[in-house]
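Protein chains: 2
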Amino acid sequence: MMDGSSQKYPACAPITKGADIPADVYGARASAIQGLVEHGFPVPKAWAISCETVKQFTAKGFVVDFDLEDLFEDTHLLSVRSSAQDRAWGGPETLLNIGINAKKAKSLAKTLGAKTAYSLFYKFITDYAVMVARLDGEDFDLILEEAEAAGETDYEHAVDRALGFYHAEMDAPFPDCPVKQLRHVLRSLATSWNGPSAKILRAARGAPADADLGLIVQRMALGVGKGGYGSGVAQFVSRTRGTKTAHGRYLSQSQGREAVAEKSAATFLAKDERGTSLEEEYPELFKQLTDLGEQVRRVLKNDMKLEFTVEDDYIWLLDATPAERNGRAAVEIAVRLAEDGLISKEEALMSIAPTSLNESLHPQVSRKAKVEIIASGIGASPGAATGKIVFTAAAALASEARGDACILVRVETGPDDIRGMHSAKGILTERGGITSHAAVVARGLGLPCVVGAENSKIDMRKREVVLSDGEVLSAGDVITLVGDTGEVLRGAPKLVEPDLGGAILEFMSWADEFRTLSVRGNADTPADFRMARAFGVDGIGLVRTEHMFFDADRITVMRELIFADTEDGRRDALGLLLPMQRDDFVEMFTLMGDLPVCIRLLDPPLHEFLPSSRDEMQALAENMDLPLSKVIARIEDLQEFNPMLGTRGVRLGITAPAIYEMQARAIFEAAALVEKKNGLKVKPEIMIPLVSARREVDLIKARVDVMATEVEAQTNIEVQYEIGVMVETPRAALRANNIAETCSFLSFGTNDLTQMTYGLSRDDAGRFMSVYVNNDVFPEDPFHRLDEEGVGELMEIAVERARNAKPSIKLGLCGEHGGDSASVKFCHSLGLDYVSCSAFRTPIAKLAAAQAALAQKAREQQKN
Amino acid sequence: MMDGSSQKYPACAPITKGADIPADVYGARASAIQGLVEHGFPVPKAWAISCETVKQFTAKGFVVDFDLEDLFEDTHLLSVRSSAQDRAWGGPETLLNIGINAKKAKSLAKTLGAKTAYSLFYKFITDYAVMVARLDGEDFDLILEEAEAAGETDYEHAVDRALGFYHAEMDAPFPDCPVKQLRHVLRSLATSWNGPSAKILRAARGAPADADLGLIVQRMALGVGKGGYGSGVAQFVSRTRGTKTAHGRYLSQSQGREAVAEKSAATFLAKDERGTSLEEEYPELFKQLTDLGEQVRRVLKNDMKLEFTVEDDYIWLLDATPAERNGRAAVEIAVRLAEDGLISKEEALMSIAPTSLNESLHPQVSRKAKVEIIASGIGASPGAATGKIVFTAAAALASEARGDACILVRVETGPDDIRGMHSAKGILTERGGITSHAAVVARGLGLPCVVGAENSKIDMRKREVVLSDGEVLSAGDVITLVGDTGEVLRGAPKLVEPDLGGAILEFMSWADEFRTLSVRGNADTPADFRMARAFGVDGIGLVRTEHMFFDADRITVMRELIFADTEDGRRDALGLLLPMQRDDFVEMFTLMGDLPVCIRLLDPPLHEFLPSSRDEMQALAENMDLPLSKVIARIEDLQEFNPMLGTRGVRLGITAPAIYEMQARAIFEAAALVEKKNGLKVKPEIMIPLVSARREVDLIKARVDVMATEVEAQTNIEVQYEIGVMVETPRAALRANNIAETCSFLSFGTNDLTQMTYGLSRDDAGRFMSVYVNNDVFPEDPFHRLDEEGVGELMEIAVERARNAKPSIKLGLCGEHGGDSASVKFCHSLGLDYVSCSAFRTPIAKLAAAQAALAQKAREQQKN
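Note that the protein sequences, when read in sequence, are chains A and B. Counting in the working numbering, the first sequence runs from 4 upward without gaps. Counting in the working numbering, the second sequence runs from 4 upward without gaps.
Hints in this document: simulated from the structure, not taken from any laboratory. Please note that the accuracy of each hint is not assured.
Treat identical chains as interchangeable: a pair holds within one or across any two.
[As the list claims (entries may be wrong)] List time: in silico PhoX-like cross-link candidates among lysine-lysine, alpha-carbon distance up to 25 Å:
hint	residue 1	residue 2
1	Lys460	Lys633
2	Lys247	Lys860
3	Lys113	Lys465
4	Lys371	Lys391
5	Lys274	Lys247
Only a predicted model underlies this, so the values are computations on that prediction, with no experimental measurement involved.
My request is simple: use the sequences and hints to build the entire structure.
Right, here's the structure in full:
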């Protein structure tokens, strides 16, 4: 952190107007305090000791190459506070009232009264004994309790006894000399920064191994005395909603953090129902504080939280940090700062972490609610939901019919559960990862979802969830899922509903203004399409056509197709499916108007359409009038060792071409119908999944072209369309030049591309992912955050090759990474045309895209 | 094929000594005939008509810009033969006796006798009618039959009737003029070359779409006449063993291919048990022919098959092509040619297709045997085997105990079948691909194996194989597997045993002399190690340690490990496994001496060690004194959606580190023991499987290092070893620079790398692979032949990056591609240090490596 140039900085610099106090030299707090001083705010005189100097306190014994005595230039007491290079890293506790001794106490007693003065002295002795001499604080509490029990009215004798106790314990007198006190305090704080527990703690907060500490020495504003004295913290926006309101604590006759101590008798600031407040008790002070807050906001261009001390009705500022805020409040605050002209829209956009938008988009457990975590898994779809446990799709439907909120709990979900998932408020599965069936469907529906809760066992036969401690939950028990964190909570803690009004809409419109990357939605049903439109997407980047077949009436036909023994049987089934698909497409095209829609041809292996439980097989056998044995045999026949790498995607399209032909026909007929009805010229994008060789594309393209010609002949309407490839095998990425030649667009399917690049099944990765992330093997779950080094490099190779082969080619990404902010930024840097993700995640993608565009602009301006 | 420079070649060139008759201008046969003429062999005078000219016969109508009359410069009859640019492409049939007409026949009758002369005329009329005029040959046969039935002694009248019939049918007289005959024959042959069926036929033989045909016009050596006349074919090596022997057919009073016609009365050449022979009947002629054969061999530097005609006891050569030979004979012939100084060792090596070595290494079905193919699958391990069907490993053991050869037939195989596989002569499975369990184990054992025979259904309950036509095979029925082609034959056709003696050993020693790429063997057990040594490998490139756990006594301990609930239980099981592994390693290290041995740490997911059938689960439960339900629950718990992409390889090593620690300890203890006993310093290579990130390597390395230190402390022997990574995920290939920094070698596991690059499970690919290969989607099954464009590019990237990061890094390939010749050549071109494959495939790898080195040398010499 320190380089040669820092040599020009003094070891101990007075924090004055015009002083140069950079955070990397003196720490962040010292720098912030200088900011307050710079703008003329009332701050007690302070000095910053540089990180380099503090390091020398321990490295070279205890050398202080500046005069400590100077800091006691008058009779003020001093405080010492930590000033790490980053506030988030924390630091040792503040030590107050340095410089007090018998003589000083006696002198203070005259102005403050004996009790207050000796109380300060006693506090200092205790703090010093604990923090510097490492004695046990309880011994000193005991002395005080005894004094109080003995009815002593001030602490003068208690101080004597404490000094005596200290002398006995340390075999040395308590230091009387203020300079000596200060010296030892400084050394002690420097030493504690290097203690092992401090290191672990700050590493957990993201500090690097060589994180440095600066220190601040500051004159005490006492906060105690006769009249208007006290201390507190204040911010002027709501932490949870971002609205303007005075929020904080004030305690008369207090110092430091006493007002926010757990059992403090502090009052609130603004008037509310809970009792007394600063506003009512000291309206003048409240007014002064509020004005100060507004001034600080205007000067620092942010809503701040102030630490202050009141000395004789005069407010001293000790510190100012950005006001606490949750995600929703952050947006509100940023928008108001921009509207007030304090920051630009660009700065507002850059100030919000994209993921924090989740708090605006989904219900959240109230911060004040007491929660009990009874199980945990992978948070697969954000938001919180409460409901009664149900174990089957049927029970979920029944529960919805009764108006009862329910949580669908399954070992894993499959196509048969879709309708039940629609009826539930949330989904919990024992198995699966963040791209399992449950997770993908839940995100599409915007339902909270926790998957891979492997520490709980679900016994479907007994309809029970057995928690890791043996406790058993049954149907009807109420639980709450937190889809952001993967937690399962007991009962129904208070939830805060999302609020999409006001600031967030304004904020998103700014993101739209600056981003250059299109953001499309993934949508599988007309309902999804409506949702996507509501979220203002730039088009649909992925229609998983197979999801259209999972509805109860359709899956039956799909199964008939799979079981058909004859060409006639297959044709009949396809004949039934064709109008269903066509009608869906008509509705989708109509909803999207002239926005692009990218339709992926059937992707999953056929066995995904078949039942897995004996009961369902039995039902299917009866339904189709087949012996059960034949149904079982066919299902077994279609089993695969590694279905993810089996007969699916384009492999189905080539080995069973009638299905893709039906789908292409349905798309073209729908486009023609929409044109006829609405005069809307639809140009669908047709996407071929799981391609690994160019000839796969050529073969399918030829068949699709034939369908187009047939539909043209039949409808007399010109059919326009684009054919593209979902790049989800490493080979397709490597061969992108070759493949690009024969198609109009490529869309990275980074879920599968990640699976194949790592050799990692997303459904099975849950077993070891946490061990891997905890051991830093993977910095992040690569299914959450795009792995730029591996998967990302394949994308880079593909982008370069595809654009070389065909500069006009359209490039996108569809997959869960499209809703992850870091991944979206990476896509921007690759120069993709769009990303596509679940509608509910598009705000995150849009903000990330805007930030990426702004960052790029800033870099380019810096270059020029 | 033709360029401007060919303009210098005449349209019709006399084939004379010194003439320039290149194969690409005049076709391969014309060129070969010129070779015979050049060396002074007796060849009837001939002319070559260039391909370009033949093309004009059809392209521009029928322009002949040379004088046909010149070819009839004397009274000889002529033949016209095809001469395609490559012999393999075939061509139209030869037409003989052109130029005969009533006048000529009458004149010939004087020397040959009327019957012979008119018979020639009649033959020509028929051939011309069929091949040129496209009449039906049966009509002419009928006329002849009637003449014979009428007791006509010569064919003079028959000729008249045939000419009359021709006139009537064609509404034009049969051409009398020899030049006109020749002209029409030439045009007809040129036209038939461009017919659709000819095109399909030659495309199937590998001809390009623009394949050209040249023609040869040659004076007839008649082969009929009074005295020593006849024709035949001869070669002087055995087709099946390559030994010196006269082999062929001779028919007195015959022409063209009459001697080899199906129902010909031709005699054999050499004396044998089957009746008369040329050697006995015409010893002089036989001697002349044999001498001629030897002269041709010496001059053409190859054993040739001769087509000859005997005219008045004088032998004319009509053609010479390389003698027919199977793979075994080819090696024998090549070695003898080199030993005779006719070709160099290098030329001998280049002359043999590496895969043809299989015929020397494994039993083959005799070419003469009548076979009935009753089922087919994927040929997964070469060679042929006959035996009685057994359905279980136990039955295979029992069968072996009785001395009965058996074929183990399973739906698929697993660890429990290993001992049964050892007892069987061959393996047949309904499911799986060429890298399935059955295939890999069979190749390791050198057993013929057919997998993925999906057109047959195996009913394990009934112990039956149901063939595609409904026929049922039961236990005890005799079948024969052909592991090269994937065929299943009925019964026990005659097999030819391999012969590893003599030429093949010499030949392989030449390959060793020239190759620069090391060839190692994959070996899992001491028995495999002995086999690998017998094959003269340069080391062991892959020890799959898990295979050591599949023995009956060991798998029990392995299962105890998996089921252990407590740390103690796990330690107990590992304590039992440690000495087993150590003893194996001791034996392996001792066997390999100072050759390198690369040991892969445990790779498969744990569930591969668990039983799959209910019976076996029951047995396991009893064995371990556990309730069956618990056994089933644990097995279900370990199930994975995509096991190939699940918790295996290094992921096991990181999540359950005790296993890798045990393995490392066993390796080091074994090395120390071997050093103590034999004074042999072993430096094992330890390979980590399924790596996708460098930190995986670092974590395992740290643990292995600890084990080394412990064993050193315990044995007082310095432990030396190398740690390397199996590159089998695309990510490991991309990150090879990063990974190379931390290890000593990389070995490409191209089986898995292919799976992941294509997103293709080798066990499931069988369902669609044939459709894919037939539709040219994949030019070859990428599990057979390394895909150079995709997988190969990843290897290229990895090689470059790894060598950049660490020039000293050792690079290899272990996997099935190491036994495929094209893939081995690719590895040579990449600059790998070694390839490794099953011992039985190493001869192929060695030859391919030698050829690659020689080809490279030739290219480099050409450059300089």
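So, going through the hints one by one against the coordinates:
1. Lys460 to Lys633: between (33 Å within a copy, 14 Å between copies)
2. Lys247 to Lys860: For Lys247 and Lys860, neither the intra-copy (33 Å) nor the inter-copy (82 Å) Cα distance is at most 25 Å.
3. Lys113 to Lys465: Answer is neither; intra-copy 77 Å and inter-copy 107 Å both fail.
4. Lys371 to Lys391: within (22 Å within a copy, 76 Å between copies)
5. Lys274 to Lys247: within (14 Å within a copy, 115 Å between copies)
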